[in-house]
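Asks: Sequence:
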Amino acid sequence: MSPDGQRTIDQVEATQTPLAGFAQSLVSGHRTGRHAHARAHLLHVVDGFMRVEIGVDSYFVLPNTALFLPAGLDHDITFSRAAHLNTLFLRESTMAGMPESPRVIGLSPLMRELIAECTTLPLDGQRTPRSDWITALILHEFAHAGQKDFSLRVPVDTRVERLVQQVLSQPSVDMELESCAEIAHISSRTLTRIFQRETGMSFAQWRQQIRLIWSLNALAEGVSPKVVSALSCFASVSAFGVAFKRTFGFTPREAQERFHSRQVTRYLIPTVGTDAGLDESEGEGGKDTLLSGGNP
Numbered sequence: 001m002s003p004d005g006q007r008t009i010d011q012v013e014a015t016q017t018p019l020a021g022f023a024q025s026l027v028s029g030h031r032t033g034r035h036a037h038a039r040a041h042l043l044h045v046v047d048g049f050m051r052v053e054i055g056v057d058s059y060f061v062l063p064n065t066a067l068f069l070p071a072g073l074d075h076d077i078t079f080s081r082a083a084h085l086n087t088l089f090l091r092e093s094t095m096a097g098m099p100e101s102p103r104v105i106g107l108s109p110l111m112r113e114l115i116a117e118c119t120t121l122p123l124d125g126q127r128t129p130r131s132d133w134i135t136a137l138i139l140h141e142f143a144h145a146g147q148k149d150f151s152l153r154v155p156v157d158t159r160v161e162r163l164v165q166q167v168l169s170q171p172s173v174d175m176e177l178e179s180c181a182e183i184a185h186i187s188s189r190t191l192t193r194i195f196q197r198e199t200g201m202s203f204a205q206w207r208q209q210i211r212l213i214w215s216l217n218a219l220a221e222g223v224s225p226k227v228v229s230a231l232s233c234f235a236s237v238s239a240f241g242v243a244f245k246r247t248f249g250f251t252p253r254e255a256q257e258r259f260h261s262r263q264v265t266r267y268l269i270p271t272v273g274t275d276a277g278l279d280e281s282e283g284e285g286g287k288d289t290l291l292s293g294g295n296p
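Mapping of the sequence shown onto full-length UniProt numbering: residues 1 to 296, in sequence order.
Don't take each hint at face value.
[To be verified] Straight-line C-alpha distance at most 20 Å; calculated SDA-like pairs for lysine to any residue:
{"id": "1", "residue 1": "K226", "residue 2": "T247"}
{"id": "2", "residue 1": "K226", "residue 2": "M201"}
{"id": "3", "residue 1": "K226", "residue 2": "D174"}
{"id": "4", "residue 1": "K245", "residue 2": "E257"}
{"id": "5", "residue 1": "K226", "residue 2": "G249"}
{"id": "6", "residue 1": "K226", "residue 2": "T199"}
{"id": "7", "residue 1": "K226", "residue 2": "G200"}
{"id": "8", "residue 1": "K226", "residue 2": "E257"}
{"id": "9", "residue 1": "K226", "residue 2": "Q196"}
{"id": "10", "residue 1": "K245", "residue 2": "Q209"}
{"id": "11", "residue 1": "K226", "residue 2": "E254"}
{"id": "12", "residue 1": "K245", "residue 2": "N64"}
{"id": "13", "residue 1": "K226", "residue 2": "S238"}
{"id": "14", "residue 1": "K245", "residue 2": "V56"}
{"id": "15", "residue 1": "K226", "residue 2": "Q256"}
{"id": "16", "residue 1": "K245", "residue 2": "Q256"}
{"id": "17", "residue 1": "K245", "residue 2": "F150"}
[Stated by the list, open to error] Ranges of calculated distance between the beta carbons of each label pair, as one might list FRET restraints:
{"id": "18", "residue 1": "P129", "residue 2": "K226", "range": "48 to 54 Å"}
{"id": "19", "residue 1": "E100", "residue 2": "R34", "range": "30 to 36 Å"}
{"id": "20", "residue 1": "W133", "residue 2": "Q16", "range": "15 to 21 Å"}
None of these hints come from the bench; they were simulated from the model.
We put the beta carbon where it would ideally sit given N, CA and C, even for glycine.
From just these sequences and the hints, can you work out the full model?
Replies: Below is the structure:
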């Protein structure tokens with residue numbers, strides 16, 4: 001145990017318990033750095049918003065979703081604000097039928113409570129009928145959870161690295177394509193070719209997807225769809241609603257009803273861009289911050 005009597009992540013990873021949970025409260029501004037775990041695990045951010053980088057892909061995880069990561073997979077996590085994170089580590093004996101690649105899944109209210117409860121269950125040599133039932137139910141719920149495609153490819157070309165990081169940290173910054181190309185010290189045509197080659201999208205389309213994913217976090221915080229549409233640099237609330245539903249399959253209002261289950265906390269309002277279109281939106285966005293603790 002740790003000095004304060006709490007279990008450590010090393011203890012949880014080493015246990016022979018089929019499914020072991022670990023809870024962390026993490027401060028704003030944290031990035032884990034690239035690392036891997038010997039056991040497959042399921043990451044659930046109870047509140048907040050996290051981005052998990054795996055190779056050239058980024059997975060975005062909200063409170064009503066969780067990310068499954070196979071054993072041994074390098075990943076790097078950043079968090080949009082202070083958060084509480086629950087991680088479940090799975091032993092090989094529980095892996096039958098589990099995915100072989102990363103997967104974002106939807107979480108029912110039952111599954112969220114089961115994951116939280118699992119972080120308090122006894123470890124080695126202390127299994128009870130109750131803990132076995134909770135483990136079995138978690139595995140059953142996981143097998144029937146729907147997949148959520150909240151992932152996006154990030155360019156790896158070093159020429160656009162600075163621009164990519166700026167868009168990820170400030171998705172609403174309002175700049176024309178030429179100004180973005182100047183940041184990367186390349187022509188606008190070269191910038192377009194790089195994004196098309198590495199993401200399958202134009203730069204404007206890729207940035208809009210980042211803004212839409214960012215808007216999920218804002219809606220989960222309780223910010224109104226009208227305000228979020230402006231911060232996401234759309235010309236109108238209706239244009240934002242169309243793009244949002246086309247991407248996620250539900251409306252901004254429905255997203256807020258699903259995700260926002262707590263009282264609104266202090267929200268950092270970014271500089272708002274002045275002009276934006278549906279498919280070629282350009283704009284300036286909210287700077288959020290990240291977390292701390294043992295690497296999840």
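Asks: Can you name, in rising order, the numbers of the hints this structure does not satisfy?
Replies: 2, 6, 7, 9, 14 and 19
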